[in-house]
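Take a look at the letters that make up each chain.
Number of protein chains: 2
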Amino acid sequence: MRPLFHPAIEDIRPEGILHALSDPERAMIYAQIAGIGAGGACTAFASMGDRVIPKSSLSQHIKILREAGLIHCERQGVEMRNRSRCGEVDERFPGLLAAILGAYAHLSEKTPES
Amino acid sequence: MRPLFHPAIEDIRPEGILHALSDPERAMIYAQIAGIGAGGACTAFASMGDRVIPKSSLSQHIKILREAGLIHCERQGVEMRNRSRCGEVDERFPGLLAAILGAYAHLSEKTPES
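Residue numbers (this note's numbering), protein chains in the order written: chain F, 1 to 114; chain S, 1001 to 1114.
If you're looking for bench data, these hints aren't it; they were derived computationally from the structure.
Computed from a predicted model, the values in this text were never measured in an experiment.
We put the CB at the ideal spot given by N, CA and C, even for glycine.
Take these hints with a grain of salt, some might be off.
[To be verified] Chain F side only, calculated, beta carbon under 10 Å to chain S, not exhaustive:
hint	residue
1	R13
2	P14
3	E15
4	L18
5	A20
6	L21
7	P24
8	A27
9	F93
10	L96
11	L97
12	A98
13	I100
14	G102
15	A103
16	H106
Same shape as in the complex, but just chain F (with noise of 0.2 Å):
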């Protein structure tokens, strides 16, 4: 099986940062990881609210992100481990995940009916 490729913390961009992030699905998976200390399996992020997110969607935004540089992955038998990566991202960007992920919360409190 091949080795699952993640960025040296050098070659994280914020470009990449801002591409992954600027889908709202995506940005949500991002921010349960992030919540979640220890490493959280695929399947604890296969729905949104009332929403399902189709398993090829959640690997394909899962695949986002560990190419962006916000989390990082991890093969355990069957199951993939996933951990956000947002200790090194602060310390090289310092407050950007904060602010990306405060604008979105902040967002869904300014609009319950959404």
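Please build the complex by placing chain S on the supplied structure of chain F, with the hints as guidance.
Chain S in isolation, oriented as in the chain F frame:
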């Protein structure tokens, strides 16, 4: 001449801002507009360091920034005057723009060779 579309502040969404600023060239144009207090003419952003931005690309960048709610554009005779909407956007999503522009600035400081 059709009036230019500007989203109302309550319609501005994080995903639109992230998408608009996920292109480094566009982010740099936005940073220049945000840095100029008064309205800057489009022609002021026609070059980035040694690189010349084709007029068609520049128009497209400006349109995407405007539609994301990041800038306000106004025709003045044959010129287009642009000003940043950072005040209202920052009120809606505190710290977001500063963090994004900061990340790009931080990167250019760290990689002087690029």
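How the hints compare with the structure:
{"no.": "1", "hint": "R13", "verdict": "holds, 7 Å"}
{"no.": "2", "hint": "P14", "verdict": "holds, 4 Å"}
{"no.": "3", "hint": "E15", "verdict": "holds, 5 Å"}
{"no.": "4", "hint": "L18", "verdict": "holds, 4 Å"}
{"no.": "5", "hint": "A20", "verdict": "holds, 9 Å"}
{"no.": "6", "hint": "L21", "verdict": "holds, 6 Å"}
{"no.": "7", "hint": "P24", "verdict": "holds, 5 Å"}
{"no.": "8", "hint": "A27", "verdict": "holds, 8 Å"}
{"no.": "9", "hint": "F93", "verdict": "holds, 4 Å"}
{"no.": "10", "hint": "L96", "verdict": "holds, 5 Å"}
{"no.": "11", "hint": "L97", "verdict": "holds, 8 Å"}
{"no.": "12", "hint": "A98", "verdict": "holds, 8 Å"}
{"no.": "13", "hint": "I100", "verdict": "holds, 7 Å"}
{"no.": "14", "hint": "G102", "verdict": "holds, 7 Å"}
{"no.": "15", "hint": "A103", "verdict": "holds, 4 Å"}
{"no.": "16", "hint": "H106", "verdict": "holds, 6 Å"}
Taken one by one, the earlier hints all hold for this structure without exception.
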